[in-house]
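Student: The lines below spell out each chain.
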Amino acid sequence: MSDHRKFVQIRHAQKSFGTLEVLKDISLTVERGQIVAIIGPSGSGKSTLLRAINDLDPLTGGEVWLDGVQVNKSLPFRQYEKHINQMRQDIGMVFQHFNLFPHMTARENVTMAPKMLKGLSKEEADKLAEEQLDKVGMLERMDYYPSQLSGGQKQRVAIARALAMKPKLMLFDEATSALDPELVDEVNQVMKKLAEEHMTMIIVTHEMDFAASVCDRVLFMDQGVVVEEGPPSVVFKNPEKERTRAFLRKHLEGAK
Amino acid sequence: MDMDLMLRVYPFFLQAAGTTILLSVLTALLGLACGTLGAAARLSRFAFVRFLGAAYVSVFRGTPALIQLFILYFGGPQIGIQLDAFEAGVIGLGINAGAYMTETIRGAIISIDKGQKEAARTLGLSRWQAMYRIILPQAARLMVRPLGVNLNMLIKATALVAAISVIELTYTAQRYIGSTYKPFEMFLLAGVLYMIIIYATGRAVAWLDRKVQIT
Amino acid sequence: MGLDFTVIPGYLDIIFLGCLWTIAITVASALLSFFGGIVFAVIALYAPLLIRLPFRLFEWVFMGTPLLLQLFLIYFGLVQIGVDLPAFVAGVIGLGLHFAVYNSELIQTAILSVDKGQMEAARTVGLSRGQALRKVVVPQAVRAVIPPIGNNMIALLKDSALVSVIGVSELTLSAQRAIGATYRPFEFYMLAAAFYYVINLCMEWVQRRIERRIALSR
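Protein chains in written order, with the numbering used here: chain Y, 1 to 256; chain E, 257 to 471; chain U, 472 to 689.
Check the hints yourself; a few may be wrong.
Said to hold, decoys possible - Straight-line distance between alpha carbons at most 35 Å, and here's what the computed DSBU-like set of lysine-lysine pairs gives:
(1) E:438 <-> Y:166
(2) E:467 <-> Y:118
(3) E:373 <-> Y:135
(4) Y:166 <-> Y:135
Treat the hints as calculated values from the structure; they're not laboratory data.
From just these sequences and the hints, can you work out the full model?
Tutor: Here you go:
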């Protein structure tokens, strides 16, 4: 059975496409309010792991638990759909390419799901949208369409959209990788703010500096396994494993 | 050119054009219904239903509409389907057009970025909610123009029902060519009416296309 | 009345002959529509205004009216002006012209999208405008439109059924003859549909092969 004190628990996660093993027996726990960064080269399986948490990429083996409930329960199709839709309301996700709905304004992007799934009235939903868009500094642009916003602005709206469902956990899948360098900081600021509010977050990222400054724990993944795991001060400054060192060295060179 | 003759017979052509329009509208509606069902089948999560959808498209696009019409109208009674010519025309052409529209509708749906569905599902929307609230509104905008092409073809295809003696534009032209031996004049009368119908439809589609685009 | 497919074998020879005629008329019309399409495209783009404008009208009429109506015009129109062509030839002309107009649309777009630099380069090595078109621009454009023209040719196969109404003894009319003798429309139209479907599949197969070769040669 799962340990109920653990907020997020991944046990023996395994994922393969045919003969290709993308995730090899990964276990991970995250406490309530913790912020965990996952780093690693592309193809290491870090995004797949993140997307397994809300079952966008279903695992082929292992379990994911959130707040005492198993996310990837085995249930008949219809019941499972119901269950997973319910679970996903508690797991916010932010994508590399924003995935804002282009046919809706920023406000509508934020209010759509709460209205549809939580039965909020128009007034309640609008109030909620104002709150959330204000938090990400997008209040003035709430009636703009995504095509009228910059990348950083889009990503901030996408964060507000996820927050509007009042999730227990936020997942960030390379949220700043598609942004022009000068727009990265505005999104990082929003994420920092969430960190100060003790939102539980799992962040897949390429930004070592950002990871070092906000995260409680860092995981280095390579070839489907967790190579090294620990506080950022250790993993970034004094990594134990040669593979971690090699990766960080390469990454620093790349950044220069 | 025999203007007197044209002036004498044009009311019959106008009436026939009315039939062509009615035929086109009914066929388009049935086609849209079949196309929607067909696209839903082709995108189903059940392999067998997907196969049925693919077979529908392949068979109805892979054989002449005229033959399909003949099977329904002349062959139908043998298997207990009794239809008058107009009904057979609408049903036959509608099912045929539906096969083409299936591909149009499916094409628009699958061209919507996968991230849209993922974002919707991540918020907790069900498959169906994600489809009708997120995917379809975007796909619908992409469908207008290609469905307009389907409609243009469909209007011209209504001429086929002349072969089962529905008194529409082409049948009327054919009959008057036979009785007056004035093929050019009769073609002109029918042709102008077809082109008006097609042109008006094209403008309507272009207007709709502009109207549904995201600002 | 029920179904009885045992009547089919006695008429297979007629149906099979009709099938050959369908293939013949499809091939002949396809060739006419292909070369006609190239000629039409060049006229539509480069001919003097006095030719170009009436030609545009002709294109517009052919795209705005049903093929069946055009077939009636050509078949009876030719008789009217004293040219008594066999139905087969009238059918080929009708189908060929109709699809030449559609092919021309494709080729025009392709010609316009062939890099302007190609024409300039050809002119700088001393080719005349006509030579540059013939040797450089048109061949490139035609290669680019072979896949969509393939779609038109597959559509042509199915539309070839229409020439049965002007009396060409192809597959559809052959089926009708068998039906006239047996009163078995369902069986024979189904058989005809099956033959069309098989020819259609063959054409799609050839089209895929050609597309793959073009993709490789780029």
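Student: Run every hint past the structure and note whether it holds.
Tutor: Each hint tested on the structure:
no., hint, verdict
1, E:438 <-> Y:166, "violated, 77 Å"
2, E:467 <-> Y:118, "holds, 32 Å"
3, E:373 <-> Y:135, "holds, 26 Å"
4, Y:166 <-> Y:135, "holds, 13 Å"
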